[in-house]
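Top to bottom, those sequences are chains Y and P.
124 is the number that the numbering used here gives to position 124 of the first sequence; each next residue is one higher, with no gaps.
65 is the number that the numbering used here gives to position 65 of the second sequence; each next residue is one higher, with no gaps.
Careful: at least some of the hints might be erroneous.
[Unchecked claim] Pair by pair, the computed Cβ-Cβ distance ranges are:
| id | chain 1 | residue 1 | chain 2 | residue 2 | range |
| --- | --- | --- | --- | --- | --- |
| 1 | Y | L23 | P | K15 | 31 to 39 Å |
| 2 | P | Y159 | Y | G261 | 25 to 33 Å |
| 3 | P | S106 | Y | N548 | 26 to 34 Å |
| 4 | Y | A20 | P | Y159 | 12 to 20 Å |
[Said to hold, decoys possible] Negatives, chain Y to chain P, calculated, CB over 12 Å:
| id | residue |
| --- | --- |
| 5 | K54 |
| 6 | L265 |
| 7 | P331 |
| 8 | L356 |
| 9 | D434 |
| 10 | S441 |
| 11 | D484 |
| 12 | R489 |
| 13 | I578 |
[Said to hold, decoys possible] In silico SDA-like cross-links for lysine to any residue, where the CA-CA straight-line distance does not exceed 25 Å:
| id | chain 1 | residue 1 | chain 2 | residue 2 |
| --- | --- | --- | --- | --- |
| 14 | Y | K466 | P | G112 |
| 15 | Y | K537 | P | S123 |
| 16 | Y | K390 | Y | I109 |
| 17 | P | K104 | Y | A584 |
| 18 | P | K98 | Y | D575 |
| 19 | P | K98 | Y | K457 |
| 20 | P | K78 | Y | V244 |
| 21 | P | K98 | Y | N387 |
| 22 | P | K104 | Y | C582 |
| 23 | Y | K386 | P | S148 |
| 24 | P | K98 | Y | C579 |
| 25 | Y | K457 | P | V60 |
| 26 | P | K153 | Y | K316 |
| 27 | Y | K316 | P | G112 |
| 28 | Y | K71 | P | G112 |
| 29 | Y | K581 | P | D101 |
| 30 | Y | K390 | Y | M180 |
| 31 | P | K36 | P | E12 |
| 32 | P | K104 | Y | K71 |
| 33 | Y | K466 | P | V143 |
| 34 | P | K142 | Y | A238 |
| 35 | Y | K71 | P | K36 |
| 36 | P | K98 | Y | V561 |
| 37 | Y | K581 | P | C124 |
| 38 | Y | K466 | P | K36 |
| 39 | Y | K386 | P | E18 |
| 40 | Y | K535 | P | F73 |
In short, the hints are calculated from the structure, not lab data.
Quick caveat: nothing in here was measured; it's all calculated off a predicted structure.
In this text, a Cβ means the ideal position worked out from N, Cα and C, and glycines have one as well.
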Amino acid sequence: MTKYKMHVLVCGGTGCRSSASDLLLENLRTEVENHKLSNDVKVLMTGCFGFCEKGPIVKVMPDNTFYTQVKPEDAAEIVNEHLIKGRKVTRLLYENPETSEHVGDSEKIEFYRKQLRIALRNCGFINPENIDEAIARDGYQALGKVLTELTPEAAIDIIKKSGLRGRGGGGFPTGLKWEMTHKSKGDQKYVVCNADEGDPGAFMDRSILEGDPHSVVEAMAICGYCTGASQGLVYIRAEYPLAVERLRIAIAQAREYGLLGENILETNFSFDIDIRYGAGAFVCGEETALIHSMEGLRGEPTVKPPFPSQSGYLGKPTTVNNVETYANIAPIILKGAEWFSSIGTEKSKGTKVFALAGKINNVGLIEVPMGTTLREVIFEIGGGIKNGKKFKAVQTGGPSGGCLTEKHLDTPIDYDNLIANGSMMGSGGMIVMDEDDCMVSVARFYLDFTVDESCGKCAPCRIGNKRLNEILDKIILGNGTEEDIDRLRYLGAVIKDTSLCGLGQTAPNPILSTLDNFMHEYLAHVIDHKCPAGKCKSMMKYSIIPENCVGCTACARNCPVNAISGERKQTHFIDSHICIKCGACIERCKFNAIVVN
Amino acid sequence: MSHIKIELKQCETDKLREICQSFNNNPGELINILHKAQHTFGYLPAEVQEFIADELKMPVAKIYGVVTFYSFFTMLPKGKHPISVCTGTACYVRGAEKVLDEVKRSLNINVGETTPDGKFSLSCLRCVGACGLAPVVMVGEKVYGRVSPDGVKDILGEY
Chain Y
1 MTKYKMHVLV
11 CGGTGCRSSA
21 SDLLLENLRT
31 EVENHKLSND
41 VKVLMTGCFG
51 FCEKGPIVKV
61 MPDNTFYTQV
71 KPEDAAEIVN
81 EHLIKGRKVT
91 RLLYENPETS
101 EHVGDSEKIE
111 FYRKQLRIAL
121 RNCGFINPEN
131 IDEAIARDGY
141 QALGKVLTEL
151 TPEAAIDIIK
161 KSGLRGRGGG
171 GFPTGLKWEM
181 THKSKGDQKY
191 VVCNADEGDP
201 GAFMDRSILE
211 GDPHSVVEAM
221 AICGYCTGAS
231 QGLVYIRAEY
241 PLAVERLRIA
251 IAQAREYGLL
261 GENILETNFS
271 FDIDIRYGAG
281 AFVCGEETAL
291 IHSMEGLRGE
301 PTVKPPFPSQ
311 SGYLGKPTTV
321 NNVETYANIA
331 PIILKGAEWF
341 SSIGTEKSKG
351 TKVFALAGKI
361 NNVGLIEVPM
371 GTTLREVIFE
381 IGGGIKNGKK
391 FKAVQTGGPS
401 GGCLTEKHLD
411 TPIDYDNLIA
421 NGSMMGSGGM
431 IVMDEDDCMV
441 SVARFYLDFT
451 VDESCGKCAP
461 CRIGNKRLNE
471 ILDKIILGNG
481 TEEDIDRLRY
491 LGAVIKDTSL
501 CGLGQTAPNP
511 ILSTLDNFMH
521 EYLAHVIDHK
531 CPAGKCKSMM
541 KYSIIPENCV
551 GCTACARNCP
561 VNAISGERKQ
571 THFIDSHICI
581 KCGACIERCK
591 FNAIVVN
Chain P
1 MSHIKIELKQ
11 CETDKLREIC
21 QSFNNNPGEL
31 INILHKAQHT
41 FGYLPAEVQE
51 FIADELKMPV
61 AKIYGVVTFY
71 SFFTMLPKGK
81 HPISVCTGTA
91 CYVRGAEKVL
101 DEVKRSLNIN
111 VGETTPDGKF
121 SLSCLRCVGA
131 CGLAPVVMVG
141 EKVYGRVSPD
151 GVKDILGEY
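All chains should be built: construct the whole structure from the sequences, respecting the hints.
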């Protein structure tokens with residue numbers, strides 16, 4: 001094997017590829033070849049580095065140089081200056097927003113300092129399309145250890161003692177789930193990986209599959225050995241073509257190396273993995289719905305029990321785990337339950353990956369120990385709120401979760417604390433909102449989503465959420481009453497209690513948590529007919545300040561509905577009955593003469 | 001439902017039969033079959049569903065039920081350049097609604113419609129996973145990041 005002096009890692013995640021990182025990769029390779037450096041420098045594409053805000057990312061090893069927002073045309077400069085002359089290209093280095101200093105070493109970047117990467121251990125380090133690189137970083141060692149040294153019971157015991165809980169949202173103890181399937185009787189059992197990441201704004205599963213698919217393949221095989229299954233199935237969104245492709249490559253390579261297939265590592269254990277595609281239905285994240293979808297049916301949930309571990313895919317005992325859960329398995333087997341359970345809080349062990357997005361400076365994928373506070377995540381790792389605005393709320397748990405506010409900032413994040421505060425862990429989406437976001441509109445946004453995605457099987461979810469949505473619409477249009485607020489609360493509670501599956505049982509959460517934390521905003525909409533954030537169009541009124549108006553006619557000429565009248569060099573006037581509140585006039589006025597209130 | 005009536009050509013039915021057979025005409029593989037069929041035809045008109053129903057020996061109502069359940073499947077032909085505006089949460093809080101309004105206004109079509117010349121069709125999708133680039137618009141396979149309402153014109157101009 002060639003020993004390279006330097007490695008140039010280029011991010012090949014969906015975010016960076018959307019900003020032409022594949023062309024950048026090609027240019028770097030060409031430059032390296034042109035300078036006849038191919039024997040010393042290896043240019044390779046890796047999975048997501050997590051720092052999506054500053055993508056495309058290029059990292060040069062061994063000196064840990066971290067280049068941000070690199071364009072394809074920067075390739076020549078990086079090769080000429082850095083690789084040949086040993087001078088870092090300062091203008092491409094990460095700039096600390098507070099000190100404006102350029103930081104050359106990724107370990108000194110605030111974004112990475114508080115992170116602890118277990119599930120994401122290989123993302124951004126290895127070429128996900130090369131199994132040798134995964135193996136060089138201990139890939140498939142845990143599988144070897146389990147198959148040759150441990151009984152299924154002993155391996156399950158390690159997972160149980162580690163305290164690992166399901167990372168898909170529910171937080172069910174993983175070891176217990178495996179044990180249930182292990183004890184179920186059946187001639188055929190299945191291991192399923194839930195990669196149907198439907199939560200809008202969450203992209204951790206996709207990044208793991210894109211950056212380190214072997215961690216999932218290995219863990220599924222371990223799960224198969226522990227539960228007595230010989231067939232694995234990955235249920236993945238068809239909207240993630242890159243993740244599908246890399247997973248497919250990983251499975252083929254594992255087969256070639258004898259790590260999947262008959263008699264793995266010359267033991268009696270045989271296991272293989274197939275891929276099944278989702279087709280865009282949020283409810284399919286629920287395990288019974290997911291199983292129906294894999295059987296070629298509509299993805300409608302059924303009542304539990306029976307649990308999938310008793311009767312799942314094709315009526316056989318089935319273990320369903322989420323991608324991130326699987327990504328934690330191999331390190332637990334290799335480093336031991338004590339190591340894992342020493343990280344985190346009393347009831348939530350290990351780390352959690354969050355997709356940090358919204359009005360935050362550092363959008364990206366982060367992994368922190370359980371028990372890290374929201375303040376650390378948002379203000380230290382996330383770099384605070386965009387454009388110096390004021391923090392208002394953070395929404396966790398996606399459409400099933402709730403909004404947390406300033407007063408929750410110092411709460412340590414774990415499964416139980418989030419639920420106690422009216423939200424939930426969910427799959428780990430974290431959307432930050434600032435003072436300009438109207439919380440009533442945000443609640444309606446999520447309700448829109450759940451109404452759209454409700455499978456329609458049970459009445460509380462199908463009809464109840466629709467009614468909730470209508471009440472919210474009424475409030476947003478300025479026609480709400482105080483009784484409507486009571487109705488939201490009552491109906492929300494009924495839907496939570498009576499819906500069939502997790503989707504309906506959690507759908508009212510965004511409303512209930514905003515009612516708890518932002519009652520004043522609801523009241524402002526209902527009583528004062530005002531939207532404090534200035535988002536709800538129906539409550540806005542555009543008017544012209546006579547003192548500022550010079551009569552330039554720019555506003556009147558650009559009004560699409562001719563709502564503005566006035567002679568040249570005379571004060572203009574907006575007819576609020578005609579005005580559609582599009583804001584075109586404000587954009588054109590150079591004299592700050594138009595106000596919204 | 002689609003009111004467009006089409007007639008499948010011999011080569012098209014051959015192709016469909018081949019797709020069904022590659023999955024052993026197994027109804028359990030219906031979703032994979034529909035994925036392949038939509039990939040071939042661009043959409044899943046009633047005639048395609050009827051043909052698949054015959055091949056798999058299952059009621060067409062079941063197939064229609066599955067096709068309409070999942071948002072990925074469509075019964076209407078898409079434009080030459082399908083435009084998808086991401087309305088995931090990250091894009092929403094960064095102004096995706098305004099971008100969507102601008103696309104609707106420029107093309108004079110609503111979500112789920114195709115322009116009369118068949119050039120563009122418009123849909124919303126929930127999260128591409130490129131939240132760092134929010135708001136995101138996709139045209140075909142190409143992703144445009146940090147799109148502002150003003151930038152819509154330039155994007156459409158490329159096609």
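Tested hints:
Checked against the given bound of 31 to 39 Å, the beta carbons of Y/L23 and P/K15, roughly 34 Å apart, stay inside it. The beta-carbon spacing between P/Y159 and Y/G261, approximately 46 Å, falls outside the hinted interval of 25 to 33 Å. Roughly 32 Å separates the CB atoms of P/S106 and Y/N548, a value that falls within the hinted 26 to 34 Å. Checked against the hint of 12 to 20 Å, the C-beta distance between Y/A20 and P/Y159 comes to roughly 18 Å, which is consistent with it.
The Cβ of Y/K54 sits about 8 Å from the closest Cβ of chain P, inside the 12 Å cut-off, so the non-interface label is violated. Every CB of chain P is more than 12 Å from the CB of Y/L265 (nearest about 31 Å), matching its label as outside the interface. For Y/P331, the shortest C-beta to C-beta distance to chain P comes to about 24 Å, beyond the 12 Å cut-off, and the non-interface label holds. Distance check for Y/L356 against chain P: the nearest CB is about 8 Å away, which does not clear 12 Å, and the non-interface claim fails.
Once the 12 Å rule is applied to beta carbons, Y/D434 is inconsistent with being away from chain P; the minimum gap is 8 Å. Non-interface status of Y/S441 relative to chain P is broken: a Cβ of that chain comes within 12 Å, the nearest being about 9 Å off. Listed as a non-interface residue, Y/D484 keeps its Cβ farther than 12 Å from every Cβ of chain P; the least gap is roughly 23 Å. No beta-carbon of chain P is positioned within 12 Å of the beta-carbon of Y/R489; the least distance is around 23 Å.
Listed as a non-interface residue, Y/I578 keeps its Cβ farther than 12 Å from every Cβ of chain P; the least gap is roughly 18 Å. Note on Y/K466 and P/G112: the hinted pairing holds, with a Cα-Cα distance of about 21 Å set against a maximum of 25 Å. Between Y/K537 and P/S123 the CA atoms are separated by roughly 24 Å; this keeps the pair inside 25 Å, and the hint holds. In summary, the hint linking Y/K390 to Y/I109 is supported, as the alpha carbons are separated by about 24 Å, within the 25 Å threshold.
Restraint check for P/K104 and Y/A584: satisfied, since their Cα atoms lie roughly 16 Å apart, inside the 25 Å limit. For the proposed pair P/K98 and Y/D575, the alpha carbon gap of about 23 Å is at most 25 Å, so the pair holds. For the proposed pair P/K98 and Y/K457, the alpha carbon gap of about 33 Å is over 25 Å, so the pair is violated. In summary, the hint linking P/K78 to Y/V244 is supported, as the alpha carbons are separated by about 24 Å, within the 25 Å threshold.
For the proposed pair P/K98 and Y/N387, the alpha carbon gap of about 19 Å is at most 25 Å, so the pair holds. For the given pair, P/K104 sits about 14 Å from Y/C582 by alpha-carbon distance, which is consistent with the 25 Å threshold. For the given pair, Y/K386 sits about 16 Å from P/S148 by alpha-carbon distance, which is consistent with the 25 Å threshold. With a CA separation close to 17 Å, the supplied pair P/K98 and Y/C579 stays within the 25 Å bound.
Straight-line distance between C-alpha atoms of Y/K457 and P/V60 comes to about 20 Å, which keeps the hinted pair within the 25 Å bound. Between P/K153 and Y/K316 the CA atoms are separated by roughly 54 Å; this puts the pair beyond 25 Å, and the hint is violated. With a C-alpha separation of about 39 Å, the suggested pair Y/K316 and P/G112 falls outside the 25 Å cut-off, and the hint is violated. For a cut-off of 25 Å, the pair hint linking Y/K71 to P/G112 is broken: about 35 Å separates their Cα positions.
The suggested pairing of Y/K581 with P/D101 holds, with an alpha-carbon distance near 13 Å, which does not exceed 25 Å. For the hint linking Y/K390 to Y/M180, the alpha-carbon distance of about 48 Å lies beyond 25 Å, and the restraint is violated. In summary, the hint linking P/K36 to P/E12 is supported, as the alpha carbons are separated by about 13 Å, within the 25 Å threshold. With a C-alpha separation of about 31 Å, the suggested pair P/K104 and Y/K71 falls outside the 25 Å cut-off, and the hint is violated.
Our distance criterion of 25 Å between C-alpha atoms is broken by Y/K466 and P/V143, whose separation comes to about 33 Å. Between P/K142 and Y/A238, the direct Cα distance comes to roughly 16 Å. Compliance with the 25 Å bound is thereby established for this hinted pair. Between Y/K71 and P/K36 the alpha-carbon distance is near 36 Å, which puts this suggested pair outside the 25 Å criterion. Of the pairs offered as hints, the one joining P/K98 and Y/V561 holds, with about 18 Å between alpha carbons and a cut-off of 25 Å not exceeded.
Among the hinted pairs, Y/K581 with P/C124 is consistent with the structure: their alpha-carbon atoms are about 24 Å apart, no more than 25 Å. Taking the CA atoms of Y/K466 and P/K36, the gap is near 34 Å; set against the 25 Å cutoff, the hint is violated. Distance hint between Y/K386 and P/E18 is unfulfilled; the C-alpha atoms sit about 53 Å from each other, more than 25 Å. A hinted pair counts as satisfied when its Cα atoms are at most 25 Å apart, and Y/K535 with P/F73 does not qualify at roughly 34 Å.
In terms of the numbered hints stated before, the structure departs from hints 2, 5, 8, 9, 10, 19, 26, 27, 28, 30, 32, 33, 35, 38, 39, 40, listed from lowest to highest.
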